[in-house]
Amino acid sequence: MLRKTRIILAAIFYIAITALFLDFTGTLHAWLGWMAKIQFLPALLALNTGVVVLLVLLTLLFGRVYCSVICPLGVMQDIFAWFGKKVKKNRYSYSPEKKWLRYIVLALFIVSLLVGTGILAHLIAPYSAYGRIANNLLAPIYQWGNNGLAYLAERAESYAFYETEVWIRSTTTFAIAIASIIIIGILAWRGGRTWCNTICPVGTVLGFVSRFSWLKPVIDTTKCNGCGLCARNCKAACINSKEHSIDYSRCVACMDCIESCKKGAISYDHRPRKASSNEESSSVDTSRRTFLTTTAVVAATTAIKAQEKKVDGGLAVIEDKIAPERQTHLVPPGSLSARNFAQHCTACQLCVSACPNGVLSPSTKLDRLMQPEMSYDRGYCRPECTKCSDVCPTGAIRPITREQKSSTQVGHAVFIMKNCVSITDGVNCGNCARHCPTGAIQMVNSEEGNRRSPRIPAINIERCIGCGACENLCPARPFSAIYVEGHERHKEI
Amino acid sequence: MDRRDFLKIVGISTATGAASLCGCKSKNESGVAGGELGPIPTDKMTYRSFPTLGDDKVSILGYGCMRWPTIPNPEGRGEIIDQDAVNELVDYAIEHGVNYFDTSPVYVQGWSEKSTGIALKRHPRESYYVATKLSNFSNPTFENSLAMYRHSFEELQVDYIDYYLLHSVGNGNTLRQRYIDNGMMDFLMEERKAGRIRRLGFSFHGSKGGFDEMLSYHDQYHWDFVQIQMNYVDWNGSDAKYLYETLAEKKIPVVIMEPLLGGRLSKLPDHVVGRLKQRKPESSAASWAFRFAGSPDMILTVLSGMTYMEHLQDNLRTYSPLVPLSEEERVFLYETGELIKQYPTIPCNDCKYCMPCPYGLDIPAILVHYNKCVNEGNIPKSQQDENYREARRAFLVGYDRSVPKLRQANHCIGCNKCSHHCPQRINIPRELRRIDEYVEKLKQETL
Numbered sequence: 130m131l132r133k134t135r136i137i138l139a140a141i142f143y144i145a146i147t148a149l150f151l152d153f154t155g156t157l158h159a160w161l162g163w164m165a166k167i168q169f170l171p172a173l174l175a176l177n178t179g180v181v182v183l184l185v186l187l188t189l190l191f192g193r194v195y196c197s198v199i200c201p202l203g204v205m206q207d208i209f210a211w212f213g214k215k216v217k218k219n220r221y222s223y224s225p226e227k228k229w230l231r232y233i234v235l236a237l238f239i240v241s242l243l244v245g246t247g248i249l250a251h252l253i254a255p256y257s258a259y260g261r262i263a264n265n266l267l268a269p270i271y272q273w274g275n276n277g278l279a280y281l282a283e284r285a286e287s288y289a290f291y292e293t294e295v296w297i298r299s300t301t302t303f304a305i306a307i308a309s310i311i312i313i314g315i316l317a318w319r320g321g322r323t324w325c326n327t328i329c330p331v332g333t334v335l336g337f338v339s340r341f342s343w344l345k346p347v348i349d350t351t352k353c354n355g356c357g358l359c360a361r362n363c364k365a366a367c368i369n370s371k372e373h374s375i376d377y378s379r380c381v382a383c384m385d386c387i388e389s390c391k392k393g394a395i396s397y398d399h400r401p402r403k404a405s406s407n408e409e410s411s412s413v414d415t416s417r418r419t420f421l422t423t424t425a426v427v428a429a430t431t432a433i434k435a436q437e438k439k440v441d442g443g444l445a446v447i448e449d450k451i452a453p454e455r456q457t458h459l460v461p462p463g464s465l466s467a468r469n470f471a472q473h474c475t476a477c478q479l480c481v482s483a484c485p486n487g488v489l490s491p492s493t494k495l496d497r498l499m500q501p502e503m504s505y506d507r508g509y510c511r512p513e514c515t516k517c518s519d520v521c522p523t524g525a526i527r528p529i530t531r532e533q534k535s536s537t538q539v540g541h542a543v544f545i546m547k548n549c550v551s552i553t554d555g556v557n558c559g560n561c562a563r564h565c566p567t568g569a570i571q572m573v574n575s576e577e578g579n580r581r582s583p584r585i586p587a588i589n590i591e592r593c594i595g596c597g598a599c600e601n602l603c604p605a606r607p608f609s610a611i612y613v614e615g616h617e618r619h620k621e622i
Numbered sequence: 003m004d005r006r007d008f009l010k011i012v013g014i015s016t017a018t019g020a021a022s023l024c025g026c027k028s029k030n031e032s033g034v035a036g037g038e039l040g041p042i043p044t045d046k047m048t049y050r051s052f053p054t055l056g057d058d059k060v061s062i063l064g065y066g067c068m069r070w071p072t073i074p075n076p077e078g079r080g081e082i083i084d085q086d087a088v089n090e091l092v093d094y095a096i097e098h099g100v101n102y103f104d105t106s107p108v109y110v111q112g113w114s115e116k117s118t119g120i121a122l123k124r125h126p127r128e129s130y131y132v133a134t135k136l137s138n139f140s141n142p143t144f145e146n147s148l149a150m151y152r153h154s155f156e157e158l159q160v161d162y163i164d165y166y167l168l169h170s171v172g173n174g175n176t177l178r179q180r181y182i183d184n185g186m187m188d189f190l191m192e193e194r195k196a197g198r199i200r201r202l203g204f205s206f207h208g209s210k211g212g213f214d215e216m217l218s219y220h221d222q223y224h225w226d227f228v229q230i231q232m233n234y235v236d237w238n239g240s241d242a243k244y245l246y247e248t249l250a251e252k253k254i255p256v257v258i259m260e261p262l263l264g265g266r267l268s269k270l271p272d273h274v275v276g277r278l279k280q281r282k283p284e285s286s287a288a289s290w291a292f293r294f295a296g297s298p299d300m301i302l303t304v305l306s307g308m309t310y311m312e313h314l315q316d317n318l319r320t321y322s323p324l325v326p327l328s329e330e331e332r333v334f335l336y337e338t339g340e341l342i343k344q345y346p347t348i349p350c351n352d353c354k355y356c357m358p359c360p361y362g363l364d365i366p367a368i369l370v371h372y373n374k375c376v377n378e379g380n381i382p383k384s385q386q387d388e389n390y391r392e393a394r395r396a397f398l399v400g401y402d403r404s405v406p407k408l409r410q411a412n413h414c415i416g417c418n419k420c421s422h423h424c425p426q427r428i429n430i431p432r433e434l435r436r437i438d439e440y441v442e443k444l445k446q447e448t449l
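In order, the protein sequences belong to chains A and B. Quick note on numbering: the working numbering labels position 50 of the first sequence as 179, and the sequence is numbered without any gaps. Quick note on numbering: the working numbering labels position 175 of the second sequence as 177, and the sequence is numbered without any gaps.
Please note that a few of the clues may not be correct.
Said to hold, decoys possible - A few chain B residues that don't get close to chain A, going by computed Cβ distances all over 12 Å:
#	residue
1	Ile-42
2	Lys-59
3	Ile-96
4	Pro-126
5	Glu-156
6	Glu-192
7	Arg-198
8	Trp-237
9	Asn-238
10	Val-333
11	Phe-334
12	Ile-348
13	Ile-365
14	Glu-439
Stated by the list, open to error - DMTMM-like mimics (lysine to aspartate or glutamate), calculated; alpha carbons at most 25 Å apart, straight line:
#	chain 1	residue 1	chain 2	residue 2
15	A	Lys-450	B	Glu-329
16	B	Lys-443	A	Glu-532
17	B	Lys-407	A	Glu-621
18	B	Lys-443	A	Glu-513
19	A	Lys-450	B	Glu-388
20	B	Lys-445	A	Glu-286
21	B	Lys-419	A	Glu-591
22	B	Lys-407	A	Glu-513
23	B	Lys-443	A	Glu-294
24	B	Lys-279	A	Glu-286
25	B	Lys-445	A	Asp-152
26	B	Lys-445	A	Glu-292
27	B	Lys-374	A	Glu-292
28	B	Lys-445	A	Asp-519
29	B	Lys-383	A	Glu-286
30	B	Lys-374	A	Glu-283
31	B	Lys-445	A	Glu-532
32	B	Lys-445	A	Glu-283
33	B	Lys-383	A	Glu-513
34	B	Lys-443	A	Asp-554
35	B	Lys-445	A	Glu-621
36	B	Lys-383	A	Glu-532
37	B	Lys-407	A	Glu-448
38	A	Lys-450	B	Glu-442
39	B	Lys-407	A	Glu-286
40	B	Lys-445	A	Asp-554
Hints listed in this document are in silico derivations from the structure and should not be mistaken for laboratory results. Where a beta carbon is used, it is the ideal one built from N, C-alpha and C, also for glycine.
Turn these sequences into a full structure, and let the hints steer you where they fit.
Okay, here's the thing in structure tokens:
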């Protein structure tokens, strides 16, 4: 019963959080956004003390149920482990706690967060790791499915589904996502929660607390016959059946041991139980499916190549834009400053999943690896959109209204005269000025007093908010004649 | 649902109906192929002949070869003509009495003549008339024009051309620049004398003044025929009435192009379709436009760029034989035209002369999408509109479907290289800018 409850709750959380990453329409977030916000590390970084206190209390009461239910990476490992157990039953065994490894990793993790270059932190933080996997590996599959439906909807003249573009935002992050799922997957397959009990910093922190949890699995030594079945089914490898002891710092309260014990010797209780009167407890024979073909896990090997739509013969070929080298990188409105963003962002990729304009993609720069940054080669930061600030669980991108956004300067436009089509092609353009939402660009003659000279944009930096409409819609290719430089600290104009 | 889909459904349902009735006696006769109207006759086509055109007997339905079906190029980029489909369409058309095929060296990105030639070559030369044009828009030198003329013979695999046209004249000095000053006109007159051109005429796009000027050369060049645009929507408001009446007075046979305005007269607002259907439930909306174009006496043939078999079949039915419009029906159509004109569609016929846009836009696709939304009532005027949510979604989702993002109106820089190619004289940059601003309002919800 306890185990079933755990599984049902875990499934609900897992599916909902995954859906949050897959949903590109921005509708689910209003309902499920809180599930990202109650993740431990994002809550900690957002200084969301309420959530942190709540999670600590939860752990004090029930043990590490967080790891079994709320953490999507934990549940993902349980899925891998389930397949592993299908192949080989009773595959686990007790192993002593690797204290030095846990503490060293935790220490490194904290240092990494404090120093500000959070690569290590982003690599091993459970929510970030799962976000990376969901965004890079699951989302494309979901989007292809959606595009299939969109294709059918189009045939049926329905507007229920619309096509979305599937593309790899960063090959580095994509590669890391593949590496993450392979490493964590294999560890889970073979040893259950090895990752959670050696590497995961959240696991280590919650482990401190769960030692003192009120409710926990306890072994009734009078009933126990020392068969060791519990230990061989403990994915946390924390039951020492010989000594009838359980390492509660590693126990994730999955309740598997309770169900696996044929003598009913283990119960979820707040103290070691004394001898029970009822010797003949109903020993439930766990349903055993002897054989099942091992189905393929998520097929992540598919060659994913961002495919552009086909072009008709009668259309001019459009060269892809290349993003310029920006001196200062761009972070979304609401992040306050590059530093605030770097300090709070866990690189979970939720905003990258949510961005409908193709603006956000994970950085490949080492000092902020996988943290999202903005680029305008595929789209620009549209005035009506505040999706990234809506979804961010860590406070890296603070909630912002449309009005605030339209007056928040995240960067400023820079003109590169030699790329401008009015100079190179001798045509009248002004597309940047026409699309500037703040009216920061006016067109002026390139030669003073010569009304026939080519007209070029004159940018009033004070009015520019750095949204990138000009850069994205500039006809010059592959390099735009106008591009946006980021600002270290954002300001209101 | 557009005309094509409707016909498909009708076709399928009648076909299955026919199959199910096979073997048992039909009671209500509605299950025969072709529905209540029966099969398409092969020997009822209306033909037109004129003393000035000798023995020529031209089918009132002419095949416009500007919109041949295409398929994705198996070698990668772009599209190519689906020759099998073209052969099938041409065979079917000839079998049902069509004998006039109108092409040009520039149609379907320059592949139309060759494709048409291949399809026609499979029929006896005397069983069809072929029309093509001197489309020397970009380079009107004598050498280039001559090369284009000779090339047409090669592509069409013929040793004479039945109907030869000066392509799109009447605007400004086009005749002088493209045909007289370079000596082509004298050359073409000689060719007509030699029999390599049987009839010489021109296709007209321009103003009344330009038209008068063209006809002032009639004594000198003797135009055998003239091709104009004519439909019931523009009849009273535009020059079409003047053009036709002037030609009729001079006894010059008239070829009608764009009788459907590139499909705009079959893709109509629902209540207009309802109005037409109420009058003649079995006839398509398009058939009215074709009957209007074919009814006047001086019409030689009415061209239709039929991409789909269903279009061809529908038109064959309309013209086998042509039932001329009654005076009362004529008035009814003018009234219908007034209703249609209330819809602010952009007069784009999807001819693609404006393409390719140097900045990669898909101009006709943008305009066609806009018109579709106009006709379907998906252009909300404000957020207070009853169907604002659905209309907004239909417009924006449909926009992304019809036009790839990089080819949408917001990429128009206004270089205006397109406008002077437009036979409908649309101010394309202005329209694109208007659509772009509208899209922005929809996206930002500031309508």
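Structure-based check of all given hints:
1. Ile-42: holds (28 Å)
2. Lys-59: holds (36 Å)
3. Ile-96: holds (28 Å)
4. Pro-126: holds (33 Å)
5. Glu-156: At roughly 22 Å from the nearest Cβ of chain A, B/Glu-156 sits farther out than 12 Å, so the non-interface label holds.
6. Glu-192: Correct as stated: the minimum Cβ-Cβ distance to chain A is 35 Å, above 12 Å.
7. Arg-198: holds (31 Å)
8. Trp-237: holds (32 Å)
9. Asn-238: holds (34 Å)
10. Val-333: Given that every Cβ of chain A is farther than 12 Å from that of B/Val-333, nearest at about 34 Å, it holds.
11. Phe-334: holds (30 Å)
12. Ile-348: holds (19 Å)
13. Ile-365: B/Ile-365 is in fact no farther than 12 Å from some Cβ atom of chain A, at 10 Å.
14. Glu-439: violated (9 Å)
15. A/Lys-450 x B/Glu-329: violated (60 Å)
16. B/Lys-443 x A/Glu-532: With Cα atoms ~16 Å apart, B/Lys-443 and A/Glu-532 stay inside 25 Å; holds.
17. B/Lys-407 x A/Glu-621: Status violated; Cα separation ~31 Å.
18. B/Lys-443 x A/Glu-513: holds (10 Å)
19. A/Lys-450 x B/Glu-388: violated (40 Å)
20. B/Lys-445 x A/Glu-286: holds (21 Å)
21. B/Lys-419 x A/Glu-591: violated (35 Å)
22. B/Lys-407 x A/Glu-513: holds (18 Å)
23. B/Lys-443 x A/Glu-294: Since the Cα atoms of B/Lys-443 and A/Glu-294 sit roughly 23 Å apart, the hinted pair holds (cutoff 25 Å).
24. B/Lys-279 x A/Glu-286: holds (22 Å)
25. B/Lys-445 x A/Asp-152: Distance ~19 Å between B/Lys-445 and A/Asp-152 Cα, so the pair holds.
26. B/Lys-445 x A/Glu-292: holds (17 Å)
27. B/Lys-374 x A/Glu-292: Holds. B/Lys-374 to A/Glu-292 sits at ~20 Å (cutoff 25 Å).
28. B/Lys-445 x A/Asp-519: holds (18 Å)
29. B/Lys-383 x A/Glu-286: holds (22 Å)
30. B/Lys-374 x A/Glu-283: holds (14 Å)
31. B/Lys-445 x A/Glu-532: holds (15 Å)
32. B/Lys-445 x A/Glu-283: Holds, because 21 Å separates the two Cα atoms, which is no more than 25 Å.
33. B/Lys-383 x A/Glu-513: Status holds; Cα separation ~19 Å.
34. B/Lys-443 x A/Asp-554: Since the Cα atoms of B/Lys-443 and A/Asp-554 sit roughly 31 Å apart, the hinted pair is violated (cutoff 25 Å).
35. B/Lys-445 x A/Glu-621: Holds, at roughly 24 Å.
36. B/Lys-383 x A/Glu-532: holds (24 Å)
37. B/Lys-407 x A/Glu-448: holds (13 Å)
38. A/Lys-450 x B/Glu-442: With Cα atoms ~22 Å apart, A/Lys-450 and B/Glu-442 stay inside 25 Å; holds.
39. B/Lys-407 x A/Glu-286: Satisfied, since the Cα-Cα distance of roughly 20 Å is no more than 25 Å.
40. B/Lys-445 x A/Asp-554: Status violated; Cα separation ~31 Å.
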